[in-house]
Amino acid sequence: MKTKLTFAAALLAATVMGGMANAKQLVYCSEASPAGFDPSPWSGGNDFDASSRTIYSRLVEFDHGKTTISPGLAESWTVSDDGKEYTFKLRKGVKFQTTDWFTPTRDLNAEDVKFSFERQWKKESPWYSYLAGTGWEYFTGMGFPELLKEIVVVDDLTVKFVLNKPEVAFLPDLGMDFASIVSKEYADQLEKAGTLAQFSQKPVGTGPYQFVDYQVDAVIRYQAWDGYFGGRQKIDDLIFAITPDAAVRAQKLKAGECDIMSYPAPADIAGLKADTNLNVAEQEGLNVGYMAYNTTVAPFDKVEVRKALNMAVNKQAIIDAVYQGAGQVAVNPIPPTMWSYNKNIKDDAYDPEAAKKMLADAGVKDLSMKIWAMPVSRPYNPGAQRVAEMIQADYAKVGVKAEIVSYEWTEYRERGKAKDRDGAFQLGWTGDNGDPDNFLFLLGCSAIGQSNYAIWCNKEFEDLLQAGKATTDVAKRTEIYEKAQEVFKREAPWLTIAHSKVFMPMNKKVVGFAMDPLGIHRFDGVDVTE
Amino acid sequence: MFRYLLHKLALIVPTIFGISLAAFAFVRLLPGDPILAMAGERGVSPERYAELVERFGFNRPYIVQYYEYISRVLGGDFGISLSTKRPVFGEFMTLFPATLELALVAMIIAILIGIPAGIFAAVKRGSWFDQATMGVALTGYSMPIFWWGLLLIIFFSGYLGWTPVSGRIGLQFFFKPVTGFMLIDSLISGRPGAFWSAASHLILPSIVLATIPLAVIARQTRSAMLEVLGEDYVRTARAKGLSPRRVIGLHAFRNALIPVITTIGLQVGTLMAGAILTETIFSWPGIGKWMIDAIGKRDYAVVQSGLLIIALIVMAVNLVVDVLYAVINPRIRVQ
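As they're listed, the protein sequences go chains A and B.
Sequential numbering of the first sequence, starting at 1, is according to the numbering used here.
Sequential numbering of the second sequence, starting at 1, is according to the numbering used here.
Treat the hints as calculated values from the structure; they're not laboratory data.
A couple of the hints might just be wrong.
What the hints assert, rightly or not - Listed next, with one range per pair, are the computed distances between beta-carbon atoms:
hint : chain 1 : residue 1 : chain 2 : residue 2 : range
1    : A       : Asp463    : B       : Glu47     : 20 to 30 Å
2    : A       : Ala317    : B       : Ile16     : 38 to 48 Å
3    : A       : Val297    : B       : Glu47     : 46 to 56 Å
4    : B       : Leu319    : A       : Ser129    : 35 to 45 Å
5    : B       : Met93     : A       : Lys66     : 36 to 46 Å
6    : A       : Lys417    : B       : Gly75     : 36 to 46 Å
7    : A       : Glu191    : B       : Thr139    : 54 to 64 Å
Said to hold, decoys possible - Simulated coverage check for chain B against chain A, where a stretch passes if three residues somewhere in it have a Cβ under 8 Å from a Cβ of chain A:
hint : region
8    : 14-23
9    : 52-66
10   : 74-87
11   : 145-157
Ideal Cβ positions, reconstructed from N, Cα and C, are used throughout, including at glycine.
Using the sequences and the hints, build the whole thing.
Printed below as a string of C-alpha cells:
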C-alpha cells in the first residue's frame, strides 16, 4: 500500500513537473512591428494580428477560415423590421484578463460595448484623442459616424445600436478588428491616474491570449488567458518573433526558430514545399487585382474599346509569369470564394485578332495610352511593373502603343483619382468583412474621387448596388449581386486581372491553424504536437 | 587645449542648425503624403484629410513649421511619432542600445583585425600577404550589405546550423532589459546559457556591419604606415640598431595612428548607415530599422528628429576623436 502511494505521489509530481517543463510554445515569425495594442486606431494587418485577434474579442466573430459570422461576446441578437435597430444580448460571465497592471472587479457588461464604440466616435471623450492625431481610420472608413445614431445600454447585459439608415453589412462590420470590445473599467482607472497612453501599450481584453510583454521591433509575448470564455487555449506561450525580411523568415522557419510564418516570398515557396519538416498551406485570397480604364475619357468611354483592350491581354500568361502560378484569372470583380459569385459569366476571351478588328470597327486608330504600375508589391498583385510590361507587349500586338508610368505609392493613388486621369490604372482590393458590397462599392457612383478609379457611374449597376444594401435577405441579395456582375462584365470598366493565392508555411507539428480569407492570422484553436 | 575645444564646439552649433534644416527639408521633399500613408489603401475622405492636416499643422507655411519644430527641439521635445503616437525620443532611447551594442562589437572587430592587417601589409609591402589583404579589403569595401548578410545567414545558419538566423537572443530567455545591452543584461539575468545565446546572435550581424569599416581601416593603416616607414626618423631608429619590433611598434605605429584614429571616427557615420540594412536583415531591434520604417511611412516626426539625434551622436563622437587627436598630437593643441 505504502509503495503504491509513493508511486502515485511520484507519478503526480512527475506529471506536474513535466507539465511545467513542457509549457507549449508557438513561435510565429511575423512581418512587421505593431504600432500599438489598441485594436481600433490602426489599420495594418500586422496591427490586428498582434492586438484584436489575440487579446480581444468582438460581439460577433468570423468563423475560423470563413467569412460567415457567429455569436461572440453577444450570444444572440434581434434586428428591428426597419433594419435600424440591433439589440444584442451579451454572454454572461465574460472575464476581462487579469494582468500585472489591471485586476477587473466585474465581468463584461453593456457599458464596455458602448464605450468601445463611443471612444472612436464622440469627440468630447478624452479617449477620442488619447493618441495624438488618431483618425480612427477604420471606424470612419466604414462610415460608422454617419451610420450610428446612438448606442443604448438597455440593461447590464443588453445593448442596442440605433442606426440612421439600414445597413446590411452591419453585423459583419461588428466582426471587424476596429469593433473589438475593450474594458471601460480599465479605461476609467487609467483616466483617473492620468496615464491614458498605457491603454495601447499594456492592453486588456477578453480574447484567447493575454499580453505579457513587448520588446519593441523584436518580440511580442502572450500567454493563454485562463478565463477565456471560449475555453483555455492549448498553447501556453504564444510568441511573435518580428522578422521583416521574407527570406530571413523562411530561413528561421527551416532552422526551427519559428513554427509558422507569414507572407513568404514567391521565390521561396518551392524550397519551403520541398522541406519535409514543413507544410505549406494555401488559400485563394479574398482579393482582386485589376486595371481600371478612365471611362470618362475618349476613346475609353466606348464599351467596345474597353472590351477590345480586355480581349488583347493574355491573362493566363500574367498569372504564370508574375503570380508564379499562385493565382487565378479573375473574371468578376469579386473573388470566387465570395457568396453571390456569378459562375455563369464568361470572361472576355483572349483573341488579339478579334480585338484588333473591334478597335478598327470602333474607329480607333494608332491609339497610344498610359498603363499605370504600382510601385509596391501587394498581395493581389506581386509585380505591377512586370504586369504592365506584359500588357504593353500584348497591346503592341493589336496596334496600341502603351507607355508605363509609376509614382511613389501615396502619390500614385492620389493621381489615379483625378477625373481627367490619362490611361489605365492598376490597383486591387482585399476584402474587409466578406460581404460582396465590400467589393462592389468600389465601382459605386459615390466612390468616384475615392476608390472608383474607373470613374464609372452606371445607373443600372448603381441601382443594383443600392438595392443590395436595402435588404438583409441573402437569397435576394445573391440574385441582385449576380445581376450586378453581369452589368459589370458587359460594361467592362476594369480589366479584371487576377485573384491571388496566399501561402502560409508552417512546421508539421502545428495543427489546427486555419488560413483566413480576410488575411488575418488567428492562433485560437491552434496546437502543437511533439 | 581649452580654446581648441571651444573652437570645435563653436563649429558644432551651425552644423546642428544646418542638419536640422536639411532633415526637415528632406522628409518634405520626399514624394508622398504622411496622412495618406497613415490612412493606407482604404483611403481617407477629403473632410477627414483636411481635419488631420489641420491637426498636424501640415497646412501652415514651412517656415512656421520649422520654427515650431526647432523651438520644441531646443526645449528638449523631439515630437510624437505619427504612426505609433509615442514620443520620438523615448522610442529612440529604447532602441538605441541595440544599435550601439552591435556597432561597438562591429567596431572592435574592425579595429582588432583591420589595424594588424594594415601594419603587416605595409611591413611586407608587395608580398602575397599584402596583395591578398588589400584585395580582400577592396572586396569588403564594395560588398553590398544586404546580399552579404543573406549569404552568411544561408550558409552559416541554414546550411551549417552554427549560428542563429536572426534576433538578439534565444526566445527561451525572457527578462526585462536593465541596460539595454543584451550581453550585459543576459549576465545580470543569471540565466545559464543566456550570455552565450546573446553572443551567438551577435556574430553574423557584427561581421556584416564590420566588413566595410574593417576594409577602410586596414587600407588606411597600411598607407599611413607606408608613409611613416619612409620617414627619416624611422631610418635613424633602424640605424641605431633597434629591433624591428620596436621600430615598427613604437616609432612608426604611434605616428601612423593619427590618421587612422580620424578614419575610425569617421567610420561611425558608416556604421550608422550600415546599421540600417544590417538591422533589417537580422531583425535587430535598433534605430536603423526604425528609421527605415519611418521613412516608408513618411513619419515626419521620427525622420526629422531621428536624423538630428543620430547626427548629434556622430558629431559628439567626432568631437571626442578630435580631442583624442590633440592628445596624441601636441602640434594640434598649439595651433
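Unsatisfied constraints (hint numbers, rising): Going through the list in order, the structure violates hints 2, 3 and 8 and respects the others.
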